[in-house]
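Participant: In case you want the letters, here they are:
There are 2 protein chains.
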Amino acid sequence: MNQYIETYKDFRKKLKAYEYVMWLIGWDQETEAPLQSVEYRSKQFQVLAEEAYKYESDPKFVEAIEKLYENLDQLDPDLKVEIKKANKELRIIKKVPKDEYIAYQVLVQSGSHVWVQAKEKDDFEMFAPTLEKIVEFNRKLVKYLETPEMKGYDILLDMYEEGMGIKEYDAFFNTLKDELVPFVLEVTAIKQKFNRRLTKAVYPTDKQREFSHYLMKVFNYDLERGLLKESAHPFTSGVSSTDTRITTHYHEDNFISSIFSTIHEMGHGIYELQNDPKYDDTALHGGTSMGIHESQSRMYENMIGRSLAFWKVHYPKLVELFPKQLKDISVDEFYRFINTAKRSLIRIEADELTYALHVMVRYELEKSLINGRLKVKDLPKKWKTLMGQYVGKRPTTDKEGVLQDIHWSGGMFGYFPTYALGSAYAAQIYHAMNKDFNIEEAILNNDIAKINAWAKEHIHKFAQTKTPKEIMQIATHEDFNPQYYVDYLKNKFKN
Amino acid sequence: MNQYIETYKDFRKKLKAYEYVMWLIGWDQETEAPLQSVEYRSKQFQVLAEEAYKYESDPKFVEAIEKLYENLDQLDPDLKVEIKKANKELRIIKKVPKDEYIAYQVLVQSGSHVWVQAKEKDDFEMFAPTLEKIVEFNRKLVKYLETPEMKGYDILLDMYEEGMGIKEYDAFFNTLKDELVPFVLEVTAIKQKFNRRLTKAVYPTDKQREFSHYLMKVFNYDLERGLLKESAHPFTSGVSSTDTRITTHYHEDNFISSIFSTIHEMGHGIYELQNDPKYDDTALHGGTSMGIHESQSRMYENMIGRSLAFWKVHYPKLVELFPKQLKDISVDEFYRFINTAKRSLIRIEADELTYALHVMVRYELEKSLINGRLKVKDLPKKWKTLMGQYVGKRPTTDKEGVLQDIHWSGGMFGYFPTYALGSAYAAQIYHAMNKDFNIEEAILNNDIAKINAWAKEHIHKFAQTKTPKEIMQIATHEDFNPQYYVDYLKNKFKN
Chain A
955 MNQYIETYKD FRKKLKAYEY VMWLIGWDQE TEAPLQSVEY RSKQFQVLAE EAYKYESDPK
1015 FVEAIEKLYE NLDQLDPDLK VEIKKANKEL RIIKKVPKDE YIAYQVLVQS GSHVWVQAKE
1075 KDDFEMFAPT LEKIVEFNRK LVKYLETPEM KGYDILLDMY EEGMGIKEYD AFFNTLKDEL
1135 VPFVLEVTAI KQKFNRRLTK AVYPTDKQRE FSHYLMKVFN YDLERGLLKE SAHPFTSGVS
1195 STDTRITTHY HEDNFISSIF STIHEMGHGI YELQNDPKYD DTALHGGTSM GIHESQSRMY
1255 ENMIGRSLAF WKVHYPKLVE LFPKQLKDIS VDEFYRFINT AKRSLIRIEA DELTYALHVM
1315 VRYELEKSLI NGRLKVKDLP KKWKTLMGQY VGKRPTTDKE GVLQDIHWSG GMFGYFPTYA
1375 LGSAYAAQIY HAMNKDFNIE EAILNNDIAK INAWAKEHIH KFAQTKTPKE IMQIATHEDF
1435 NPQYYVDYLK NKFKN
Chain B
955 MNQYIETYKD FRKKLKAYEY VMWLIGWDQE TEAPLQSVEY RSKQFQVLAE EAYKYESDPK
1015 FVEAIEKLYE NLDQLDPDLK VEIKKANKEL RIIKKVPKDE YIAYQVLVQS GSHVWVQAKE
1075 KDDFEMFAPT LEKIVEFNRK LVKYLETPEM KGYDILLDMY EEGMGIKEYD AFFNTLKDEL
1135 VPFVLEVTAI KQKFNRRLTK AVYPTDKQRE FSHYLMKVFN YDLERGLLKE SAHPFTSGVS
1195 STDTRITTHY HEDNFISSIF STIHEMGHGI YELQNDPKYD DTALHGGTSM GIHESQSRMY
1255 ENMIGRSLAF WKVHYPKLVE LFPKQLKDIS VDEFYRFINT AKRSLIRIEA DELTYALHVM
1315 VRYELEKSLI NGRLKVKDLP KKWKTLMGQY VGKRPTTDKE GVLQDIHWSG GMFGYFPTYA
1375 LGSAYAAQIY HAMNKDFNIE EAILNNDIAK INAWAKEHIH KFAQTKTPKE IMQIATHEDF
1435 NPQYYVDYLK NKFKN
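From first to last, the protein sequence lines stand for chains A and B. Taking the numbering used here, I'd label the letters of the first sequence as residues 955 to 1449. Taking the numbering used here, I'd label the letters of the second sequence as residues 955 to 1449.
For the record, the hints were derived by calculation from the structure and aren't laboratory data. Careful: at least some of the hints might be erroneous.
No distinction is drawn between identical chains; accordingly, a pair holds when it is met within one copy or between any pair of copies.
Unchecked claim - Result set (EDC-like, lysine to aspartate or glutamate): computed pairs, CA atoms no more than 20 Å apart in a straight line: (1) K1271 <-> E1287; (2) K1232 <-> E993; (3) K997 <-> D1235; (4) K967 <-> E993; (5) K1329 <-> D1359; (6) K997 <-> D1230; (7) K997 <-> D1234; (8) K963 <-> E973; (9) K1183 <-> D1160.
Next comes chain A alone, as it looks inside the complex (with noise of 0.2 Å):
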C-alpha cells in the first residue's frame, strides 16, 4: 500500500502546483489583467492545463488511486476521503471518450464568447445551436456516467451536491412552491416607498470603498491572509487557509450592492480560511459543496448582513460616510430598505425572500432538459411561463429571460439548485447556532468572531472531509428540512 500512497502524494504535489497556477492566472485575469494580454496569457495556460492533464491520466496515478480504492480500510480517515473523491473523478477519464470529452471542452470553453453577444443583441436564436450541443453532450455524458444506483439528472446535481438528486430537490422546491410562493404572491402585492436619497443619491467610490474595509474588520477578516480587490462580478478566490482573497465592486448609485457583496464573499472567504490548515496540502482543501458554500455567504450576508441588529451598530459608521445623502433616515428605514421584497426579472440582482423562486425555474427547466421533454428551442417560452407562476412577473425580452446566466454556456447544468439550497442550510444553520448563543446579542455586541468560531467549529475546519449531510448532522443535529427556511423567511418578510 505504502509505495501507492506515495505515488498518490507525489502526483498529488505536482497536481496541487499547477491547481495554484490557474488559480493565480484567473485572479490575475479577473481583477487587473490588461485588455489585450487575453490572447498571450491563453496561449500559456493551455500549456499548462496540458500538462496538469498529462498527470492527471498518468496511468501510474490512476492505478494508484484505483489500488488505494480497493484497499480504502486501510488509509486513514482523510485519506480515505481523499482516494474516493479521486476515485469518483476517475470516471471521467475512464467513462468518457477522450476525443469527445476535449470537444466539449472546446466547445463550452467558446459557449460562453457565443452567449454574451446573443444576450447583447437579446438573440436567443443565435445562441440556441450551441446550446442544443451543450445540452446533448450532458445528455450522453449521463448515459456514460451511469450505475445502477445513479442515473440522468441525479448525477450532475451530485457533481455540484454529494446525496442531492432529484428525489430530494423535488421534495425542497415542493415545499417552496406551496408555502413560499403564495406568500410572496401576498408579499410582493403592496409596493414599499423609501426615502428618495436611498434610491437617487451618489454614493462615491472611496466612501463605499473605505465601508467596504470597515467591514472587512469588523467581520475579523484576515488580511495576513487574504484580500479584498474589485472585479466586475464579485467573487471568492481562495487556494489556501493562508491566501483567500475576495473581490466586490461598487455602483455609485447602488451603494448596497458593494455593502452585501463584501460581505457575501466574507461569507466565502472565511469558510476557506478556516478549514484546517492541515488540508493545504491535500485535495481536501476547500469547502465541502457548492450548497454549503453558499450557506455561509448567504448567512453572513442576509442573516447577519441584512439583520437589524447588525445596522444597529454599524449604521451611524455608514451615515458618517455618508452624511448628506443619509439625512434623516432612520435605522429602521435603511433597515426596510435593504430588506425590500419585489417581483423582478433578474436572478443575481432578486432579494433575499424571491431569490430561491428565480433558481426553482431553472431547477425545473434543467430537469425537463436533460430527461429530453423539454427542447431547447421551446426554453423562451417555457421560462417565462414558469417565471409568471413562481415569481409573478413574466420577462419581455430574453435578455432578461432565459439568456440572462452564463451557466449553461459553460455547461453547467446540476449547478443552480445549489444556490437556492444554499440558504436553505443557512437557516437551519442559523437555528442550531442561535441554540448554541444568542446571534442577535453578539452582533449587537459587535462579537462576529463568536459567529465565526461556531463556524468553524460546525463547519469550516472540516473542509471537504465531510459531505453535506455529514455537516448538516454535526452543525444542526438533523437532516436537511427546508421549514426553517421557510419559517424564517415568513417570519422576517410578513407584513
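Add chain B to chain A, keeping to what the hints say.
Facilitator: Here is chain B on its own, set in the frame of chain A:
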C-alpha cells in the same frame, strides 16, 4: 535540421509557459499577495521550478540546441540569435556540476534572508560567512566557464552586458574618475536652499497617485497592455508586448520619489511594450541587456523627466494637485529642487550626478573580490575608503555602507556596473536622437510620442535580436563613448 527546429520550438513553447507562471507569481508576491501566503506559494513555486528545469535540461532539448548551433548559417536571422543565446545558456548545465549548482541556488535563496537580518542589525559579521561562500562559488563558477577568450570577472560582467569586460569598464570608469569625480566634489561643496514646503509639507498619497496616472497618459503608456500598481520597491515586470506592468511607491513626505519612480519604470516598460510583437513567443522578447534597459529608464527619468522643458508643460498640473504645498514656488525653483546634487550614502537615493560614482565603488570591490585581491572581511573598510574618494562622504555604519544593497546576497556579481553604463548609454542615445529632431521642442509640445517612436525604431523593436554594441551602432552610429555622459552631466550641473 527541421526536426531539431521543431524540437527546439516545442520545448520553447513549454518553457514560455513556465516563464509566464514564474513571472505572474513574482508580480503577485511583490504587489499584493497576503503576508502569510509565502510558505504555501514557495512550495508550489519549487515544484514549478523543477518542472521547468526538467525541460531546460532535457537531453532532447540540449541536443536540438547543439545541432542547431553547429548549423547556425542554415537558420533564419532571428532563430540564429536565439540559438546562440540558448547555446550560451547551456554552459551552466554542461560545465557546472549539478550538485554544486543546486547547493548554490539554495545558498543564495537563504542569502537574502541572512542579509535582511544583518542589515537590520547593522552587523556585517553576521552576513560575512554567507557572502564568503557566495564569492567562493562565483570564483569557482568563472573557472568552470572560462574559455581561451574569456576568464575571471569578465565572464560575470558579460552575463549582464554582452561585450563589456574589465577592459571596457575600466576605460569607462577611469573617464569618470578623471573627469567626473573632481567636478562632483566641486559642485557638491555648495549646499543649495529651497522653500521648506518642498521638503517638509505633506503630499497626500491619493493626489500623488492621480499625478502618476496623469504621467502614464503623458508618456502614452498603453493601459490596455499594462498597468500601474504599488510595491515597496518600484519595478517593471513584463512578460510580452501585450503585458508589461510597472509599480511605484508613494511617500507622503517625499512626493518627488513617486514621480520619478513612475517615469523611470515607464522607461523600462515602454522598451518592452515596443518590442516587435513577433518576438513574444520566442526567447527574444525583452531588453537586450541590463545596460540598454537601464539606458531607457534613465533617459525617460532624468533626461526627459527632470528637464526644465518637461516641467514648463506639466508643473501647472502638479500645482493644481498641491496648491497649498507648491504655492509661490516657481517652476525654476522646482526644477532646481529635483536636480539637486549632493554627497550621499545610499545608492538608490542618489541624484543623477553622483549616481555612477556609487556604482564605481561597487565595481572596484567586485573586481578585487573575484580576482582574490580583496577578502570579504576587509570589505567594510575598503567600502568606506572608496566612498570617501569617489563620493566625498564616508558611511559610519555598514547598514549605510556595504550592507545597503541586496545584490551580492543573491549572488549577483557583475550586475552593478550596468547601472552606471545605462546612464552613460542614455546620454549618447539622447545626443543622437537630438540630431534627428529637437527633443526639447517635442517635450514642450507635449509630444512624448515622438520620442517613443524614435526609441522604438532605433532600440525597442529589436528586442534581444541585437547586442548592446549593435544597438549603440544602430541608435548612435558609433561605439559607446562615455564622453557624452560626462559632457551632459557637466553641462546640466555646472553652477
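Participant: Now tell me, hint by hint, if it's right for this structure.
Facilitator: Evaluation of the provided hints:
no., hint, in the structure
1, K1271 <-> E1287, "within (16 Å within a copy, 44 Å between copies)"
2, K1232 <-> E993, "between (37 Å within a copy, 13 Å between copies)"
3, K997 <-> D1235, "between (28 Å within a copy, 9 Å between copies)"
4, K967 <-> E993, "between (29 Å within a copy, 14 Å between copies)"
5, K1329 <-> D1359, "within (18 Å within a copy, 69 Å between copies)"
6, K997 <-> D1230, "between (35 Å within a copy, 18 Å between copies)"
7, K997 <-> D1234, "between (29 Å within a copy, 11 Å between copies)"
8, K963 <-> E973, "within (15 Å within a copy, 26 Å between copies)"
9, K1183 <-> D1160, "both (13 Å within a copy, 17 Å between copies)"
Violated hints for the displayed structure: none, as all numbered hints are satisfied.
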